[in-house]
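Visitor: Residues per chain are reported as follows:
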Amino acid sequence: MRRRAGLGAIQQQQLETQKYKDKGSLIEDSQFVQMTKHMEIFREKLEEFAVKHKQDIRKNAQFRRQFQEMCAAIGVDPLASGKGFWSVLGMGDFYYELGVQVVEVCLASNPSTGGIMELSELRRKLIAARGQKSIHQEITEDDILIAAKKLKIFGNGFVVYPVGKGKYMVQSIPGELSREESSILGVASNQEQGSVTVDLLMKQLGWTEFRTQQAIDKIVGEGLAWVDCPDSNSAPTYWFPSLFPGRKDT
Amino acid sequence: MNRFEYQQAKLAEDEQFVSKDKAIKLYDGDEKTAYEDGEVVLTTHRLFWGRPGEIARGSTTLCLQLQYIVGLDEEVASSFVFGKKKRLILNLRPLLPGKLPGPMENSTAHFVKLSGRHGLDPAFMQAIRGTLEARIWLIPGDASGSNASPSRENAPRIQLRTGIGGIERAIEAKQKATDDSIAIAFQDLKALMAMAQDMVSISKSISSKIRERKGEISEDETVQFKSYLMSMGIDDPVTRESFTSNTEYFKSLARQICEMILDPMEEAGGMMSLADVYCRVNRARGLELLSPEDLLNACKFLDGPIKLRTFPSGAMVLQLESQDEEIIAKEVGEKVEEAKSLSVEDLAKILGISILLSKEHLLAAERLGIVCRDESIEGLRFYPNLFLR
Amino acid sequence: MADFDWPWEYNFPPFFTLQPNNETRTRQLTVWNNLTRNYYKHRNQSSLDINEDSPLFCNNALKRRLPTEGRLAVMEHLQGTGHAAPLDKRRTNWQVYWHTLDEWAKIIYDWSQRTGQTNSVCTIYEISNGDNSVGEEFHELDQDVVLKALKLLEEQGKCELMLFDDSQGVKFF
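Residue numbers (my numbering), protein chains in the order written: chain E, 24 to 273; chain C, 621 to 1009; chain B, 430 to 602.
Keep in mind the hints are simulated off the structure, nothing from the lab.
The structure presented is a predicted model; accordingly, all values stated were derived computationally and were not measured.
Some hints here could point you the wrong way.
[What the hints assert, rightly or not] Away from chain E, derived, C-beta distances all over 10 Å, residues of chain C:
1. L631
2. K704
3. K706
4. P714
5. A874
6. N902
7. P912
8. E913
9. K960
10. G972
[Claimed, not checked] No farther apart than 30 Å at their CA atoms in a straight line, the calculated lysine-lysine pairs in the DSBU-like style are these:
11. K645/C <-> K704/C
12. K580/B <-> K518/B
13. K148/E <-> K642/C
14. K172/E <-> K950/C
15. K148/E <-> K705/C
16. K706/C <-> K271/E
17. K824/C <-> K190/E
18. K77/E <-> K642/C
[As the list claims (entries may be wrong)] Stretch by stretch, here's where chain C covers chain E in the computed footprint (C-beta under 8 Å, at least three residues):
19. 61 to 71
20. 75 to 84
21. 103 to 116
In this text, a Cβ means the ideal position worked out from N, Cα and C, and glycines have one as well.
Looking at chain E on its own, in the form it has when it is part of the complex (with noise of 0.2 Å):
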């Protein structure tokens, strides 16, 4: 298996004779033959890296964060392939099980929440339902960060939403929001109770009333938010479950 993406020795001879017959520059084929070394000496330090530090990346999620931050900095993806060198650092099938979490907790809370989720509640939901014990390691928001940006590949919803003051909304329903609906749940994400009005938004989004009343009918009608008229002389306030503080989920 490790040899799949590896040179062997005769394969490495094989280039050194292809070298001589091409007569084409000879700092094109060092340059690769150049870098065929590297990957092997690279793919050597990686394995004494995963021995030393396996338990380090497990059980230490800063490190991970680093590491992660490290890899996407140089412009690699150490998670985007399960085969790839990287996966003898083990941390593949932790960010590809927790997708796979992802995906069936945010559907199993879309019928009472519509569709979006604050990432403080699905990193709560995620613990309990991986369970207490002491193998499955800490997960950290991050952790979940990443594992959902590699969903976002297969095309439909498990967008996250930043929604200011380093809070998120991840969004698991098919569709993307518009950035009208996106700036109303920032907002609302950061009242007390997840309410507001259309008052609210005209202050805090600059916006006309026409405009706001628009996007504010569009998010009620998408399901995602409730609307609250206690009497016909009031404007009507409008609630997202999904920011309720007070709400449970069965």
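Please build the complex by placing chains C and B on the supplied structure of chain E, with the hints as guidance.
Guide: Just chains C and B, lined up with the frame of chain E:
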């Protein structure tokens, strides 16, 4: 945690109240316990933990004699939502004879932690330090009501003489060792990343040469190169072309997926979202799971009877080849007409399929002009398209 | 009487506004359905007057009340699931069945078999209030509901209703 005793929350004769805090969780060593969201009360001699209201009522609660505490530490727990909160670590001396019964008798930890839901009250932390400083070397003969007092001969004198300072230094050293090991890990990580960075640069230059068709890089080498890129997780236009040395692997995956998914898919109405397929396949595998990219790449090689399909909305599904979009759209149109109008949820119930698929069917019927939509605050509904009749 | 366990929705202000969105309304009415049944079961009552401001439809702490139109929608939903029936043409007075009448019929019939009452006669009162029925779910159940359940049983041929003096009686088969 086995240093705690069950005692009534009442002050003894020369005992005084010092401070209190709430929403406190106890940790047995590093492990969480079921003792969470409780109140703590510090007296001159003891520390009580009880569920809200218990201490006020004088009920029997958990009680730790302050004499057990040999030192204090703090640690910072970082919480995404609540920011950094401090936890208090109470380092404990071994069990003394005559300790009254208490919780978690089998615990092997030598420390406990106090953690507050919003962090500990700084005043409480100050109070506990002060109280300990005032009393900690007064071990036997205090009025706390327990018989757990060692005789003078058995008192751990060495610890007494070195006092809190010595204990704290020892703990600091241990902490430093842990920190050092993480520091080494981070150093190794940096070295690894520096190597990886080099390879990314080299591969970028090779890749641009391939694209510009400069230099003589053979077919074999190109294939190898693409495979390296994929293994490293480097996203490059070159890897998106179909032929790599991983092709065989993905083809065989595709066959496996097909076998796994065919029956459930027929039951689900002939179509399944990729997210759903991802869950099923990985749950079945158990180990050596597929990444979302692996799954997508494999699905591209599907050869029937199931094929990968992308809808205009961007949703990706696997679909039975035998499903004809026109036929489905006609059936959907008939159902809509029968019911006069249908929502996505209505159709999903009628056909026994998922919301996702129901929506795609209705959108397809809309594209073919068979139904048209009505969007309102009531929701999205589809009507027979009378405009085109 | 123990405190009633209100669902979280009872403290969610928009719960008391009939929702305009169909999907949301369906979810809302389902919760109202369960709540109403549980509330009536808890109080062992069966009569509901839409115009009466009970704690069920009025949450004073929240300052919200479900308007009449909403209450009617709730009752009609209950009717749809077999858990309520209107008692008058104006549909203001209703009877709530926290078990459907079918379920009550079965429960009472099973009880009659278990307690060896086959072929013996007892009054409706004895069924709902007798010593024999202490601990049974239908103990102290509204007698009118018991009667309706028995009528179903009669249709199924499992009992016969009879009138003696001025009390209703039933013979189980």
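Visitor: Hint by hint, where does the structure go against what was stated? Just the numbers, ascending.
Guide: Violated hints (numbers, rising): 6, 7, 8, 14, 17, 18; every other hint is consistent with the structure.
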